[in-house]
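Asker: Each protein sequence line maps, in turn, to chains A and B.
Per the numbering used here, residue 5 is the first one in the first sequence, and the count goes up by one each step.
Per the numbering used here, residue -9 is the first one in the second sequence, and the count goes up by one each step.
Read the hints as simulated data drawn from the structure, not as lab findings.
Careful, some of the hints might be misleading.
[Said to hold, decoys possible] Restricting the straight-line Cα-Cα distance to at most 27 Å, the calculated cross-link-like pairs of lysine-lysine (DSSO-like) are:
1. A/K122 to B/K78
2. A/K124 to B/K69
3. B/K305 to A/K293
4. A/K60 to B/K123
5. A/K124 to B/K78
6. B/K78 to B/K305
7. B/K305 to A/K122
8. B/K305 to A/K124
9. A/K124 to B/K262
10. B/K123 to A/K124
11. A/K124 to A/K60
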Amino acid sequence: MPRKSYRQAINEALRQEMRRDPNIIILGEDVAGGQGASGEVGVVGSVFGVLGGLYKEFGPTRVIDTPISESAIIGTAAGAALTGLRPVPEIMFVDFVGVCFDQIYNQTAKFRYMFGGKAKAPMVMRATIGAGLRAGAQHSQTLHPLFTMVPGLKVAMPANAYDAKGLLIEALRGDDPVIYLESKVLYDSQTEVPDEAYRIPFGEANIVREGGAITIVAFGPCVARAMAAAETLAKDGVDVEVVDPRTTSPLDEDTILESVEKTGRLVLVDESPPRCSLAADVAAIVADKGFKFLKAPIKTVTCPHTPVPFAPNLEDEFIPNPRRIEAAVRAVLKYD
Amino acid sequence: MQLSREELSRAYRRMFTIRAFEERVVKEFSAGNIPGFAHVYLGQEAVGVGICHDLTDEDYIGSTHRGHGHCIAKGCEVKGMMLEIFGKSGGLCGGKGGSMHIADISKGMLGANAIVGGSPPIAVGAALTQKYKKTGKVAVAFSGDGASNQGTTFEALNMAVVLGVPAIFVFENNGYGEHTAASYSVGAPSIAERAKSFGMPAEIVDGTDFFAVREAMGRALERGRAAEGPYALEVKCWRFMGHFVGDPQAYRTPDELANARTHDPLPVFRTKVTEARLLEKSDLDAIDKSVLQEVEEAVEAALASPFPDLKTLEKDVYARY
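Isolated chain A (complex conformation):
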């Protein structure tokens, strides 16, 4: 099977689905790039190059450059979704949702329920997440908890190229608004990715590594970090199970609880400030529904309660890195 990058996997999912469904359109800032400029249009393909070549194939009616105008981008997508299109708006950095959040959580997310089930808004909002690029406090956040707590939204956080393609195709074939969060640090990471289209259902966790001693549940960019910690721990004979929920809404509670039933110990890893993080959320769920399985207190590994710092050494410490994950696992294992 061919190996492809996370970036290529997303591009391929969009290309294949746009060929299949003429109602899919892309809109956002520089999704083509170069409109009105002196040179060629379409050479940007989004700031991280994820949409490369799509403008050339699908043209300006389907790959629509917009002003830097996030409320209008999401609002336009919401209205288009409500009237029969499948828009894929891009918010270049998830940090920018502050200027369009009303259109996401008050409008798009609520249409179906407020209107008594008679409306649908199949919008797939793509946004980039995550620290690690020295991009500072307003270009480095994750913010998935903001979306996860909103009824009516589905939230996908692919942690590898294979999942990136399958989850995006699933999003594009559903009728619900989906927030699809791309980890910037994963764009060049590769896995085997089938050429043909395939779907990964939402709410089905991936057991990335099987083990019996302890469960780590990690989200998005933290899955690879959890795996790195697990490999180090394996050298000491510690058999770690790593679970990637893949979507935070819906959340596969069953797989998490089954894993905790098996191991009796749980560490949660989430690139988010600690309060109201997915780590805190899942810890609460397990405490509520899986208390009898637990042999030790749950530990969470998150960012500190700070904005994302700029200095490289501070940012590296801010991120839930393998060293901090390993320490948390050892602390939980010590408890008897």
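Knowing the structure of chain A, use the given hints to seat chain B on it.
Answerer: Using the frame of chain A, we list chain B on its own:
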């Protein structure tokens, strides 16, 4: 274009339906039969009906918190609306939306919207669908003088011009955004001038005259149907009552309130059509009688209907779970 007797009757029926509906909403609200808030459209009937007169079910409108009139003007069913406002089972949204969220997608009504400035971006999207699918249809964003100051509105105006979509922005300037006068809150000389500065045609219209509203909308529609781009109308009208039902309006003088009632679009319409011998007074009176009966039946149904089944509480959050 001269309207036929049938069309005039329909327009009058819709205007009087809004009048009777809203007066009844005030009464039922005051009696404690309607939960929550109610914002009524009294005084603005000619705007909604004039704007929607030549729209089809395939043309879209987005509305405001003061949306009952827009719903009726777009052809939403009165009984379903009343049930919804009462929060009852059988309402247009199953009792889950309420006064500020009535929608009927099958009638091209994309929802009343409780967020001031919420509808303009959505209307741009609905208009983009029309352009993309080459339907020749349009999308209208109703908003008030208050919403004309929102950033979402500015973004929507610019986006509509940039994308060249058939969006029609209707700013109903009733003089007040909640309890603050437009003369204070709108910094520009007029909302129409402001819209024009975004690069679209815009005009100021007398919102007490159905015919003036419809004619202006005709110019906007001509441009929209030809997919030539957006258009804006600032429609001047009068809010007979407060921001919400029960607003004591201490911020308006008794003189001003009395004056507002002298700008009533219904007598204007009646006088015009009877003087021109297009409709007889007896025709109009018969419509009044029939509408009052329809509203009465809607209220009786709303009072008699049960609240939604508790089983519906968690339904319809998602299309697929």
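Asker: Could you run down the list of hints and mark each one as holding or not?
Answerer: Structure-based check of all given hints:
{"no.": "1", "hint": "A/K122 to B/K78", "in the structure": "holds (16 Å)"}
{"no.": "2", "hint": "A/K124 to B/K69", "in the structure": "holds (24 Å)"}
{"no.": "3", "hint": "B/K305 to A/K293", "in the structure": "holds (23 Å)"}
{"no.": "4", "hint": "A/K60 to B/K123", "in the structure": "holds (20 Å)"}
{"no.": "5", "hint": "A/K124 to B/K78", "in the structure": "holds (22 Å)"}
{"no.": "6", "hint": "B/K78 to B/K305", "in the structure": "holds (16 Å)"}
{"no.": "7", "hint": "B/K305 to A/K122", "in the structure": "holds (12 Å)"}
{"no.": "8", "hint": "B/K305 to A/K124", "in the structure": "holds (14 Å)"}
{"no.": "9", "hint": "A/K124 to B/K262", "in the structure": "violated (43 Å)"}
{"no.": "10", "hint": "B/K123 to A/K124", "in the structure": "holds (18 Å)"}
{"no.": "11", "hint": "A/K124 to A/K60", "in the structure": "violated (30 Å)"}
In terms of the numbered hints stated before, the structure departs from hints 9 and 11, listed from lowest to highest.
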